[in-house]
Amino acid sequence: MRKLICVFVLLLIVFIIEKSISLNKINYIKENYYKDKMDIYLITIEKINIKNIIKEDTIKSEKIKDIVLFKEYGKPNIKNSNTIIGAHSGNGRNSFFTNLINIEIDDEIKLYYKEIEYIYKVIDKFYIIESDFKILNNIKNKTTLTLFTCNEDNNKYRLIVVSELIDFI
146 MRKLICVFVL LLIVFIIEKS ISLNKINYIK ENYYKDKMDI YLITIEKINI KNIIKEDTIK
206 SEKIKDIVLF KEYGKPNIKN SNTIIGAHSG NGRNSFFTNL INIEIDDEIK LYYKEIEYIY
266 KVIDKFYIIE SDFKILNNIK NKTTLTLFTC NEDNNKYRLI VVSELIDFI
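Count along the sequence shown from 1, add 145, and you get the number used in my numbering.
Hints are computed from structural coordinates only; laboratory data are not their basis. No experiment lies behind these values; they were computed from the predicted model shown. Glycine included, each C-beta is placed from N, C-alpha and C at the ideal position. There could be a bad hint or two in this list.
Unchecked claim - Straight line, CA to CA, 27 angstroms or less: simulated DSSO-like cross-link-like pairs of lysine-lysine:
hint, residue 1, residue 2
1, K301, K259
2, K224, K200
3, K270, K205
4, K270, K287
5, K216, K287
6, K216, K200
7, K208, K196
8, K224, K205
As the list claims (entries may be wrong) - Distance windows between CB atoms, simulated:
hint, residue 1, residue 2, range
9, I268, I150, 35 to 43 angstroms
10, S276, I162, 44 to 52 angstroms
11, F271, I150, 41 to 49 angstroms
12, K205, S240, 16 to 24 angstroms
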């Protein structure tokens, strides 16, 4: 019984340290970059262990190597707009959305944008043909965040995850 309690306490300590490191990373980025008035955006999806900086670019960019918020679409601070973020999947070092396939309906996504934390709940997940992005403009009367990435099994398709804004702080 003592061994079981010791193992439990040890696991609890490891969990607390891990959470503390994650929060410290986000707080460090926010504190150091916001002081310089730089627009630093962050995305956190705890379920699939994503905590990363987002860069801004156009959807037509051919050299995406990061998690990217696409300029042509909505922004979190604009009501009834669809913010679109994309990243690569796979095995490379720039494959930030490899585990996006594991996200499920009702999972939570947090987006830090212009010093505000936006909290979203996943409402849909589906595939589209790689060039059929018109679906991204079809979301009406909701403030949404859409994540997309390539499909590892078939490169002609893109995985789309749509989430709806539920709160902001």
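Verification of the hints:
no.: 1; hint: K301 to K259; result: violated (34 angstroms)
no.: 2; hint: K224 to K200; result: holds (21 angstroms)
no.: 3; hint: K270 to K205; result: holds (23 angstroms)
no.: 4; hint: K270 to K287; result: holds (16 angstroms)
no.: 5; hint: K216 to K287; result: holds (19 angstroms)
no.: 6; hint: K216 to K200; result: holds (10 angstroms)
no.: 7; hint: K208 to K196; result: holds (22 angstroms)
no.: 8; hint: K224 to K205; result: holds (25 angstroms)
no.: 9; hint: I268 to I150: 35 to 43 angstroms; result: holds (42 angstroms)
no.: 10; hint: S276 to I162: 44 to 52 angstroms; result: holds (45 angstroms)
no.: 11; hint: F271 to I150: 41 to 49 angstroms; result: holds (46 angstroms)
no.: 12; hint: K205 to S240: 16 to 24 angstroms; result: holds (21 angstroms)
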